[in-house]
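Could you build all of it, start to finish, from the sequences and the hints given here?
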Amino acid sequence: MNASVVETSQASEPLVDIDRLVDRRIVLWYYFAALTYMVISMLGGLLMALQLVRWNELQGIEHLSPGRWRMVHTNAIAYGFLANAFLGTLHWAIPRLTMRPVLNKGLSYLIFTAWQIVVLATAGGILLGHAQAVEWGETPVWIDPVAQLGLLLVAINFMAPIMSSRGPMYVSLWYFMAAFVWTFLTYAMGNFIPQYVVCGTNAGAIAGLFIHDLVGLFVTPFGWGLMYYFVPILLKKPIWSHGLSLVGFWGLAFFYPLQGIHHFLYTPIPMFLQYGAVISTIAVEFVVATVIVNFFGTLYGSGRELTTNIPLRWFYTGMILYFVTCFQCALQVTLTFQALIHFTDWVVGHAHLVMFGVFSQWLMGIMTYLIPRLSGKPWYSRKLCEWHYWLSVVGIVVMFTDLTLAGLFQGWSWAGMQYWDHSTQVSEPFWIVRVFAGLSMFGGILVFIYNIFRTLTGPSAAAVEASVPTAI
Amino acid sequence: MLRAANPEERPQPPKRNRAWAILTIIFFIGPAMYGFGTKFYELVRVFQGDPAGAFAVTPIVNYLLASFGFVLLFGWAARNGMFRDIECPKFEMLENERRLDTLER
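So the protein sequences, as listed, match chains A and B. Positions 5 to 476 (our numbering) are the ones given, in order, by the first sequence. Positions -7 to 97 (our numbering) are the ones given, in order, by the second sequence.
To be clear, the hints were calculated from the coordinates, so they are not data collected in a lab. Glycine included, every Cβ here is placed at the ideal spot set by N, Cα and C. Treat the hints with care, since some could be wrong.
Residues from chain B shown here face chain A by an in silico Cβ test under 10 Å; the list is partial [stated by the list, open to error]:
id	residue
1	K31
2	I52
3	N54
4	L57
5	S59
6	V63
7	F66
8	F75
9	L86
10	L95
Taking lysine to aspartate or glutamate and the EDC-like style, the derived pairs with C-alpha atoms no more than 20 Å apart in a straight line are [claimed, not checked]:
id	chain 1	residue 1	chain 2	residue 2
11	A	K241	B	E89
12	A	K381	A	E469
13	A	K240	B	E79
14	A	K240	B	E89
15	A	K381	A	D23
16	A	K381	B	E96
17	A	K241	B	E79
18	A	K387	A	E309
19	A	K381	A	D27
20	A	K381	B	D93
21	A	K240	A	E309
22	A	K240	B	E87
23	A	K241	A	E309
24	A	K241	B	D77
25	A	K241	B	D93
26	A	K109	A	D27
27	A	K240	B	D93
28	A	K240	B	E96
29	A	K109	A	D21
30	A	K241	B	E87
31	A	K109	A	D23
Pairwise CB distance ranges (calculated) [what the hints assert, rightly or not]:
id	chain 1	residue 1	chain 2	residue 2	range
32	B	D93	A	L153	35 to 45 Å
33	A	G305	B	D93	14 to 24 Å
34	A	K109	B	I21	42 to 52 Å
35	A	W146	B	V53	27 to 37 Å
36	B	V53	A	N108	30 to 40 Å
37	A	L443	B	W12	48 to 58 Å
38	A	I286	B	Y26	15 to 25 Å
39	B	G73	A	L156	22 to 32 Å
40	A	Y113	B	W12	48 to 58 Å
Take a look at the structure:
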C-alpha cells in the first residue's frame, strides 16, 4: 500500500489518498479572505463607535455615512469573516471526517472566487445606497441570485462526501448536513420572500425569522459541528457522550425554527404565536444545557490543558460566553424583560457577545491550531498568540458588560418617561468605554495578522528542528 | 480497529426502558401534541375569521415545513441504523484522525 494512502476504519471502505484528501491551499486562502473582511468589519464598527462619541472624520460624505458603514460592519462579519472562515475550515474537517475529498476541487475554487465577488459587491452596493430593507440581509437584490446559487454549489460540493459515507454518522456531520440545507433555505426566505412575495407586518415577521435563523441555523450548526470535531482531537479523547450530542442536534432542529418571532413581542402578531416563540426559545436553553454539559464533561480531568493549549482555551472561552449569551436569551424573550431592553444597547452587547465572543473566537482558535499545520511552519511567536487571545477576550468582555449596563440605563431612562436626550447623556460614558474595548479587540486581530505574516514568511518546521542543537 | 457491532448480537432493551418510553409518551408527548393541536386550530380560526390574520400563517408554515423535513430525516436515520451503537462514531472519528496524523508525519 502506498504510504500516503490510508484505509478507513471500516474494512469495506475505499482507500484514501492522504495527499489528495485536503486541499490545504484553499483553506489558507479562505482564512486570508476571512481576516481581510474582519479588518473591514472592525473598521466599520470603529467608525460607528467614534460617531457615537461625536468624532466622525467622514462627516458629510454620503457614501461613507455611519448608517451605511454599520451595514458593512454587520454584513462583512457574517458573509465575509464567518462564511469564509467556516468554508475554509470545512475544507479541512469534512474530508477528514468522511475520508473522502470534496466533490470537485475546481468547484471549490469557483465557489471561493464567486463568494468573494458576492461579499465585495454587497459592501459596494451598500455604500452606493442599494441596500435591501432586511436587517442583516441588506445584500442588494441583484446579488441575491448569485449568493443563492453559491450556497447551492457549496451544499453540493460538501454533501457529496457526507452522503457517500457509510454507517452511523458522527455528530459534526449531522450539524454540517443540516446547516447546508438550513443556510440555503434561510437565505432564500429572508432575501426573496419579503422582497417579492409578502409585505407589511408579514414581511416584518419573515425578516425577524431570517435574522434569528441566520444565527441559529447557519452560524450555530457550523460552529458546534466544528467544536465537536476539534475539541476531542485537541484533548485526544472522545466527546463525553455522543448520544447527548445527538439530543442537542435534534433539539436544535425541532425547537429553533419557531424562535424568530420572539423579535416581535408586543407587535400585532397574534399572542399565541408570540408565546410559542417564547416557549420554544426557553426549550432551546435546555438543549444548550446538554451541549455545555457534554463539552465540560469531556474537559473533566484535562482542565490543565487550558493553560497550555491556546486553541483549546479559545474554544472553552467561547463556550462559557455561549452559555452567558443563551442565558441572556432566556431572559430577553420574557415580555417583562423585553419591555425594558428593547431598542437599547443591551441588544447590541448581546449581538457582539454571540458573534465575536463565541463564533469568531472559536474560529480564531481553529485558525491558531490549523495555520501551522496548513503551512508546515511553527508559529513565529507564541507570545503574540497569547496577546491575540487576551486582547480579544478582555475587549469583548468589557464591551459586553459595558453595553449591557448601558442598555439597562437607557431602558430605565425611557421607562421613567425622561427626555430622549437624558438617555443619550446617560449613555455617553458607556460609549467612550466601548471605543476602547473595540480598539482592544481590533488590536488583537492586527497582532494575529502580523503573527501569521511572520509565520508564513519564516522558516519551515523542518528547518527550525534542524537549527536546534540535538542536546536540547 | 473499531467496528459497528452486529445488530443481531445486540441485547434487546430491557422492559423497564419500554415502560419509560410509554410513560414519556403518555405524560409528555401526548399533552404536547394536544397543546400544539389546539394552538394550530386557533391559528386556522384566525385565518378563517380575519383575512388580515393570514400573515400569521407564513412563519408557521415555514416552521411546519422545516420540522416535517426533519421528522422525515429522523425516521430515515432511525430506519438506517444511525442511532445503533450510538457511541461508536466518536471512537471511530478519533481513530481515523490518529491514522491520518500518522500518515502526514
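How the hints compare with the structure:
1. Because the smallest distance between the Cβ of K31 of chain B and any Cβ of chain A comes to about 5 Å, under 10 Å, the interface hint for this residue holds.
2. With a cut of 10 Å, the hint placing I52 of chain B at the interface with chain A holds, because the nearest CB-to-CB distance is about 7 Å.
3. Proximity of N54 of chain B to chain A holds as hinted, the smallest CB-CB distance being about 6 Å (cut-off 10 Å).
4. Proximity of L57 of chain B to chain A holds as hinted, the smallest CB-CB distance being about 9 Å (cut-off 10 Å).
5. With a cut of 10 Å, the hint placing S59 of chain B at the interface with chain A holds, because the nearest CB-to-CB distance is about 6 Å.
6. A hinted interface residue such as V63 of chain B counts as satisfied when its beta carbon comes closer than 10 Å to some beta carbon of chain A; here the least separation is about 8 Å, so the hint holds.
7. Checking F66 of chain B against chain A by beta carbon gives a least distance of about 7 Å; that is within 10 Å, so the hint holds.
8. Given the 10 Å rule on beta carbons, the hint for F75 of chain B holds: about 7 Å separates it from the nearest Cβ of chain A.
9. Hint status for L86 of chain B relative to chain A: holds, with the closest Cβ pair at about 6 Å, below 10 Å.
10. The beta carbon of L95 of chain B is positioned within 10 Å of a beta carbon in chain A (closest approach about 5 Å), and the interface hint is therefore held.
11. For the given pair, K241 of chain A sits about 11 Å from E89 of chain B by alpha-carbon distance, which is consistent with the 20 Å threshold.
12. Of the supplied pair hints, the one linking K381 of chain A and E469 of chain A holds, its CA atoms being roughly 11 Å apart against a limit of 20 Å.
13. A C-alpha spacing of about 16 Å is found between K240 of chain A and E79 of chain B, which places the hinted pair at or below 20 Å, so the restraint holds.
14. The straight-line distance between the Cα atoms of K240 of chain A and E89 of chain B is roughly 10 Å, inside the 20 Å bound, and the hint therefore holds.
15. A C-alpha spacing of about 18 Å is found between K381 of chain A and D23 of chain A, which places the hinted pair at or below 20 Å, so the restraint holds.
16. Restraint check for K381 of chain A and E96 of chain B: the C-alpha separation of about 14 Å stays at or below 20 Å, so the hint holds.
17. Between K241 of chain A and E79 of chain B, the direct Cα distance comes to roughly 13 Å. Compliance with the 20 Å bound is thereby established for this hinted pair.
18. Distance hint between K387 of chain A and E309 of chain A is fulfilled; the C-alpha atoms sit about 17 Å from each other, no more than 20 Å.
19. A C-alpha spacing of about 17 Å is found between K381 of chain A and D27 of chain A, which places the hinted pair at or below 20 Å, so the restraint holds.
20. For the given pair, K381 of chain A sits about 16 Å from D93 of chain B by alpha-carbon distance, which is consistent with the 20 Å threshold.
21. The suggested pairing of K240 of chain A with E309 of chain A holds, with an alpha-carbon distance near 11 Å, which does not exceed 20 Å.
22. Between K240 of chain A and E87 of chain B, the direct Cα distance comes to roughly 10 Å. Compliance with the 20 Å bound is thereby established for this hinted pair.
23. Straight-line distance between C-alpha atoms of K241 of chain A and E309 of chain A comes to about 12 Å, which keeps the hinted pair within the 20 Å bound.
24. About 18 Å separates the Cα atoms of K241 of chain A and D77 of chain B, which keeps this hinted pair within 20 Å; it holds.
25. The suggested pairing of K241 of chain A with D93 of chain B holds, with an alpha-carbon distance near 15 Å, which does not exceed 20 Å.
26. A threshold of 20 Å between alpha carbons decides the hint, and for K109 of chain A with D27 of chain A the separation of about 8 Å falls inside it, so the pair holds.
27. A distance of roughly 12 Å separates the Cα atoms of K240 of chain A and D93 of chain B; the hinted pair therefore holds under the 20 Å criterion.
28. Taking the CA atoms of K240 of chain A and E96 of chain B, the gap is about 17 Å. The hint holds against a cut of 20 Å.
29. Simply put, K109 of chain A and D21 of chain A have alpha-carbon atoms about 14 Å apart, close enough for the 20 Å limit, and the pair holds.
30. A hinted pair counts as satisfied when its Cα atoms are at most 20 Å apart, and K241 of chain A with E87 of chain B qualifies at roughly 10 Å.
31. The suggested pairing of K109 of chain A with D23 of chain A holds, with an alpha-carbon distance near 13 Å, which does not exceed 20 Å.
32. Between D93 of chain B and L153 of chain A the beta carbon distance is about 36 Å. The supplied range of 35 to 45 Å therefore holds.
33. A hinted range of 14 to 24 Å for the beta carbons of G305 of chain A and D93 of chain B is consistent with their spacing of about 22 Å.
34. With their beta carbons about 47 Å apart, K109 of chain A and I21 of chain B fall inside the hinted range of 42 to 52 Å.
35. The hinted window of 27 to 37 Å between W146 of chain A and V53 of chain B holds, with their beta carbons roughly 28 Å apart.
36. A hinted range of 30 to 40 Å holds for the C-beta pair V53 of chain B and N108 of chain A, which are about 35 Å apart.
37. As the Cβ distance of L443 of chain A to W12 of chain B is approximately 55 Å, the hint placing it in 48 to 58 Å holds.
38. Restraint check, I286 of chain A to Y26 of chain B: a C-beta distance of roughly 19 Å satisfies the suggested window 15 to 25 Å.
39. Under the hint 22 to 32 Å, the C-beta atoms of G73 of chain B and L156 of chain A, about 30 Å apart, fit the expected range.
40. A hinted range of 48 to 58 Å for the beta carbons of Y113 of chain A and W12 of chain B is consistent with their spacing of about 52 Å.
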